[in-house]
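Chemist: So you can see what is in the structure, the chains are spelled out below.
There are 2 protein chains.
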Amino acid sequence: MKKLLIAAAAIPGLAFATPPIMPPGPPPSPPPLSEMAPGLRDAALSDDLAWNLIEGLTTEVGPRLAGTEAEARARQWAVARLRELGFANVRVEDFPMQVWVRGAETAEIVAPFPQKLAVTALGRSGATPEAGLAAEVVGFRDLAALAAAPDAAVRGRIVYVGHAMMPTQDGSGYGHFGPVRFAGPGIAARKGAAAIVIRSAGTDRDRRNPHTGMTSWPEGVAAIPAGALSNPDADQLERILARGQPVRMRLALTPRWIGERMSGNVVAEVPGTDPSAGVVLIGGHLDSWDLSPGALDNAAGVGITVAAAKRIMDAGRPRRTIRVVLFGAEEVGVIGGAAYFERHRGAGDVVFVSESDFGADRIWRMDASFDDAARPIADRVAALLGPLGVTRGTAPAGAGADLGAWARDGVAAISLRQDGLRYFDFHHTPEDTLDKVDPAQLRQNVAAWTAMLAVVADAPEPIGRVERPRP
Amino acid sequence: MKKLLIAAAAIPGLAFATPPIMPPGPPPSPPPLSEMAPGLRDAALSDDLAWNLIEGLTTEVGPRLAGTEAEARARQWAVARLRELGFANVRVEDFPMQVWVRGAETAEIVAPFPQKLAVTALGRSGATPEAGLAAEVVGFRDLAALAAAPDAAVRGRIVYVGHAMMPTQDGSGYGHFGPVRFAGPGIAARKGAAAIVIRSAGTDRDRRNPHTGMTSWPEGVAAIPAGALSNPDADQLERILARGQPVRMRLALTPRWIGERMSGNVVAEVPGTDPSAGVVLIGGHLDSWDLSPGALDNAAGVGITVAAAKRIMDAGRPRRTIRVVLFGAEEVGVIGGAAYFERHRGAGDVVFVSESDFGADRIWRMDASFDDAARPIADRVAALLGPLGVTRGTAPAGAGADLGAWARDGVAAISLRQDGLRYFDFHHTPEDTLDKVDPAQLRQNVAAWTAMLAVVADAPEPIGRVERPRP
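Respectively, the protein sequence lines represent chains A and B. Going by numbering that gives the first Met the number 0, the first residue of the first sequence is number 0, and it counts up by one from there. Going by numbering that gives the first Met the number 0, the first residue of the second sequence is number 0, and it counts up by one from there.
Chain A on its own, in the form it takes in the complex (with noise of 0.2 Å):
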């Protein structure tokens, strides 16, 4: 990749790195940002903001659990932060939550091998008694298998439920084992399971700290305590059942809901020179899950986009107006996601949308959703990219979490979708530190995130309403 960039950078049309030499009287006006694109994207090759961003935000915020204090501070800094940096119209836009907050949690075999257990529960887990329910533990090896049983084999009993998630570049094992996170407690519940414990939903296989993350309640079912072990202690459970005698765990967990707090989402703009182009649309999230300071997840996405936005601010103004929003609130149920398009959608300015809310491990993959008029824009977005190893995929883009919904409502977007292979090894585990962000990858996706945003925000084609492919 390098030589290549460095073959590029020896065309002259693309020698943006000298700058020329000033002739006496007023400046001359920049080339557009459509032109300076390739030079913007190497530059961007040596990007230091989106690492101070996320090294910041990690360190003197840490974990930011949504519509806790801890949150707030995060709003504070974030807000100071892009105003020291040049944005404009900078802002909080704040919206009311309920808060449900982590208490004590542990789990321990009481027979036939007493031992404990590492666990933690899961977001909208209901609660033991403070000194924990001991029950029976009935295993099933997969989501299925427990869909599957009697209600007698489940009732009163605490309920194992594994699964075989395993790495994939395209982050694809969430949706198809996230179920056992997100819909098994449910059905354990129905069934009258007295508390269940699924094998985290993660790919990492050798480390002692389990995934937490939202699970769901059917209408009418209430929740029961719900948790996830780590992977190693699922092995070391199943290696416990398959010996064939009776287990008997002992499960604490007592997280409670501290009722209605506030949260918002921070908002910042690269005023744009054509109002009636609409707007850039970008962001990724500000809270965490409390266990990390979620360097991955979401600082990562915060530091590209704001890295990214304030190169094409430093460069020149774009055409459209490119508005960066941290959302607040994603983790717990895409709270300041929904608050904003339910917001905004009646202003109908918005015309693309781009998230960035999967690590900071390289982009390989480009998908874009563009009505006809406007595919030219992917198709020079996608020749910037491909130098810094990222293909052309043909999915519709979704955006994600936060954006989803406008995508999904017809706006065009891009998914610039990064390397997921190592994601979910440490996604919403404790495990989600400041060392899991590669610098050398983080620049990669601030350089295609700046070649993105100088195309798109700058583009003179007009950017209309998607049909959306059909599945």
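Which copy is meant is left open, so a pair is good if it fits within one copy or across any two.
Under the rule of at most 20 Å between Cα atoms (straight-line distance), these lysine to aspartate or glutamate pairs were calculated in the DMTMM-like manner:
{"hint": "1", "residue 1": "K115", "residue 2": "D434"}
{"hint": "2", "residue 1": "K115", "residue 2": "E237"}
{"hint": "3", "residue 1": "K115", "residue 2": "D205"}
If you're looking for bench data, these hints aren't it; they were derived computationally from the structure. Given the structure is predicted, the values throughout are model-derived calculations rather than measurements.
Position chain B relative to chain A; hints supplied.
Modeler: Leaving out everything else, chain B in the frame of chain A:
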């Protein structure tokens, strides 16, 4: 390595895999063990006993802190398995000990950037009040910096000490950087610190689980609360300290001494034919730290030494008795090893010691300490280990923690040194779980041990006492 072994098997004199057709009449006596050694070695490359023992101990007992009910269950488990395997003279030799148990443990930055850090108490740590203690943090890059600091810089504060331990194949990093843990708390206490948290004495950089392990207090210095931060948390604290603002931490560690309890060593033998030839004493330790099932530390040593001894027992009677000791209470101060030495040194029958207590990764180097007359034994062992990829070192063989006293006392020894590059990623953390054991490397250990025992236990040479080489 596979290729080499196949080649060796093709040499007629070494082809023991196919038994000869039995002529009628009394069965011929088996060849001497030393002649069988190459075949025994190669057969051990298919061993599954070591794995089964490790899987069994870690699953059916789990964590087994010295002096607790769990360690007593480990002894019962070991006695039952050793008898089942056919060992002779299986017994427990018990001894009393004072028991320290972990309590609650939390650390959080109170200011300037409130957030929790992952901490665990070091063995023999003092306790904070239940609600913890809050104090300003003073950070030191390493132990030398702490030692050089004036008392006034430390008094009443929470001391943080870092280090730069890196992975080494020979494990020497632990000796070099371990004093941060062994001695750091005592130095901080003597200077009047309120408490101390160290960077974990480990080599992982991205696992959010701290490393425990014993610390010590100088005569007359009262214990203070002493914990270890995971390496990512130590990085985080260093970043926070680097911001230059006063850093305040609240630390709660509530371990306690629960009084005298019994521990014990489990002993088993493969009886030899010549009582005058002395005893070959081998083993590992049965106890583990409380945070994990101790797969590497040291279920592995139990599995490797028992499996190798069982292979000798099944092949024929060796000249010397092989005694396997599975020590109690190693982690908390080599109490079992010291008790065994005190109790049995007077018998004068131990002529050779070797210990397995460094995980389950492959043996890469052999060091031997023999008197001149017995040196050919070491040469024969080294020749047998070459095809397993084992080099020959020139360092004295020191045995390990439990049997080191015998070697220091002049008993001949061989060190089968295991690869330590991964070992301190997991050592004394919650992550020392079964998944860390690589079955192929484990089998190489059993093969090397089997070859060594076949040669040493059956050697015709007398094995005398060793003059220790001068350093």
